Amino acid sequence: MMESIDDADADAQKKAIKYVSNLLMRPDQLEKVEQYRRRTSRKKASVEARLKAAVQSQLDGVRAGLTQLKDALEEVKNVEKRMTEVDEMYATCGSLSDKMRDIKDVSAEHRQLAAAMENLKHIFAVPEEVEKARGMMRDRKFLEAHKCLIDLESSRDELLYEQHKLGNSSDMKQLQRFFADAEKLSSELGEALFRVLKNTLNVARRDTTELVTALRIIEREHRTDIKLQEQERFSGFLPPCRPKQWRDKAMETLKDAVDERIESDVYETRANDKMWLVRHLEIIRKEVLNDLKTIKNLCQPCFPPAYNIFQQHVHWYHLAISNHLQKLIREGLQGNEIISLLTWLNGYTSPELLGSPELDLDINRLPSLLDDEVSDKLMDNYFITTRTNISDWTLKSLQQDSKDWRKEEEPETDADGYHKTSLPVILFQMIKQTMQVAETISDDQKKKVFDVCISEMMNFVRSYGEAVTSYKEEHFRNRELPPYYPLYMVAIANNCEAFIEFAQQMEKDYRGKKDSDQSGVNELYLMDRDPGNPFADTDGEGNETNKFCVEMNHVAEATCGFLLDEVFTDLQIHCDNLLTKQWLNDESIVETICVTIEDYYNDFVHLRPEYFSWIMAEAERRVVVQYLKGALGRRIKFGSGEERKRAGEKLLKERELLSAFFSRLASSHLRSPCEVLIPIAEVIKLQDKSMMSLELSGLVTKYSDVSADQLKALLAIRGDFSNGEAKELAEDLSKDVAQPSLGADEVRLFVDVVDTAPTGFFKT
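The numbering used here numbers the first residue of the sequence shown as 46 and each following residue consecutively.
These are computed hints drawn from the structure, not numbers from a lab.
Below, computed lysine-lysine pairings styled on DSS-like, alpha-carbon distance capped at 30 Å:
no.	residue 1	residue 2
1	K626	K747
2	K493	K372
3	K747	K695
4	K338	K300
5	K372	K331
6	K780	K682
7	K592	K553
8	K448	K477
9	K319	K493
10	K626	K695
11	K192	K300
12	K272	K192
13	K289	K272
14	K300	K186
15	K59	K97
16	K243	K331
17	K186	K272
18	K289	K210
19	K690	K747
20	K477	K493
21	K698	K747
22	K372	K294
23	K243	K177
24	K289	K229
25	K341	K186
26	K372	K341
27	K60	K97
Each pair of labels, with its calculated beta carbon distance range:
no.	residue 1	residue 2	range
28	V124	K192	49 to 59 Å
29	D459	S749	41 to 51 Å
30	E519	I429	27 to 37 Å
31	D496	E332	29 to 39 Å
32	E519	P396	50 to 60 Å
33	E376	G281	49 to 59 Å
None of the values given here were measured: they were computed from a predicted structure.
Every residue, glycine too, gets a C-beta built ideally from N, C-alpha and C.
With the hints as extra help, turn the sequences into a complete structure.
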């Protein structure tokens, strides 16, 4: 101990020396030595004062503790003294119990006689008390009536218990008969209380006092049941009609009331009102929501916590609704009734019913409203109904649209001046409404319903194509009818692109970003199409939406083709005269072709841009093909070099005219098909036969789809090649050129020209 004090003293001196040396490191600090000394003295005095105060405080505490210990010791000694005195007093009272035994016996006999007198009073007053209690029940004074019943039952039970101890069964039966009215009174009171509980909602909304009274009586009887059952284990005696189990009966009554509440709505039949189910389900929703609010806010405070009355009612209502809905399903739902039910089921846990903030329910703890088997069957019927509805809608809409095609008025136009009909908007509004209904069911069902919609739209594409084909065939049987055939064909083609755009938007809206990204080509279908041929397939192996777009694109292609068929039907006579003797001397044929196409051009400008560009390019291609058919069809045989020269120059002149004409109507960045007439004209007017191989080689190089027979036919119209020479030259060129294949930027021309059999043009 001393060593530690010495160490502390030494350590303190070291620290003091270090502290002083730090203060006096510079000469100028020596002037402040007195100031430092006074400051240190003040600190020392302060520390000593605090130390003295702490020591004094500890000493006062020790002094107080010692005083309390002294007082406690004195009290313990006093307690010990008093306990000794008590023991001595008890020792002197041992003989008192024997002296008091006779008094105890007399007291017990007196109590029995008093009880017998009281019971006799009740026995003689049973009929009177019963009637009195019934009068109270009629006046809705249930507590007073129950008090009378308790008195009667207590007298009966005591008398029966005494006879039970004596083993006198005959007297017990006689007593039970005498108290039979009391048992009837008990049943009547119970029925009255259960009627109150059956109308719990109405009673609570009117006045909760009566409800509380009924519950108080039921709880009293429940406690009495428990007490008597416990006594039975010791005495072997249980009064008649016990246990009454009024609490269990009360819960059954409440549950039955819920079942009746759900089944009470006498809904209309399907024959009287098509919206019967919607109205019936809405009534259930409103009643259940209002009932649960009443139970939570008015009834719950009236019931004992053990009842857990609000959660019980939620469970009962849930079970009653489940049974009721399954009953409706078993009876059979039709068409849109299934959709109405599914929509209601989806809103079952929404804020409009069980999800209401006022109820504050944990809806995740509720079991499924419908069994999996019933739910699956209902969903299957829903999909069948949805498919049928969409099929009917599309069929009726198409039939109406087809009638509009035959009207004696032009089709309507959109803000950009493109002809259209209302069919795409009508159909996709129907699908949108269907999807909105599906969204109220679940996200999974929404995607499945979308698949059903697209599947039915695939069927619609085929029907649409058939309707367009039938429309075209009807027109070509009498080209005067329908009066606005070209304009409605333009509208039909534009509708196809509208269908594609709507489908793309729906794919994006209803499949979601993830699925849409996976579709790849599908989302940007219109942007990815070949500008030169918007009808080229992009990805036929994509999802159903992409397939729908591809099929609808085929319908648009066919429709544009039908429009051109109309044009070239008018031009057929003039096209048949190309590269003939008449053509050689007639300047009006090509002018007629241009005027006719320009006349139809005024209708084509109402096509959407991509279709317009395609149809004008296709019109130019078809005109050129007609020239090729004339050149390769052996319609003319030139007899001299002068005639061949005149024909070649005329062909070049008309090529320039056609190229300028189509460029004026619709500019295109693609290679003009009219360019093929240049090598054709050069072959026709070539004067030096030895150079023919070179000319034909250039033609074959640029247009790899030309065949050997077509080269022979081209040489045949010159009139200066024998059959053998033409055949040899054509076959040699075909061998030197690779197998024909059309590149992405190559114009298809010769493959569309049907080869014509030799007609004797060649010299033998």
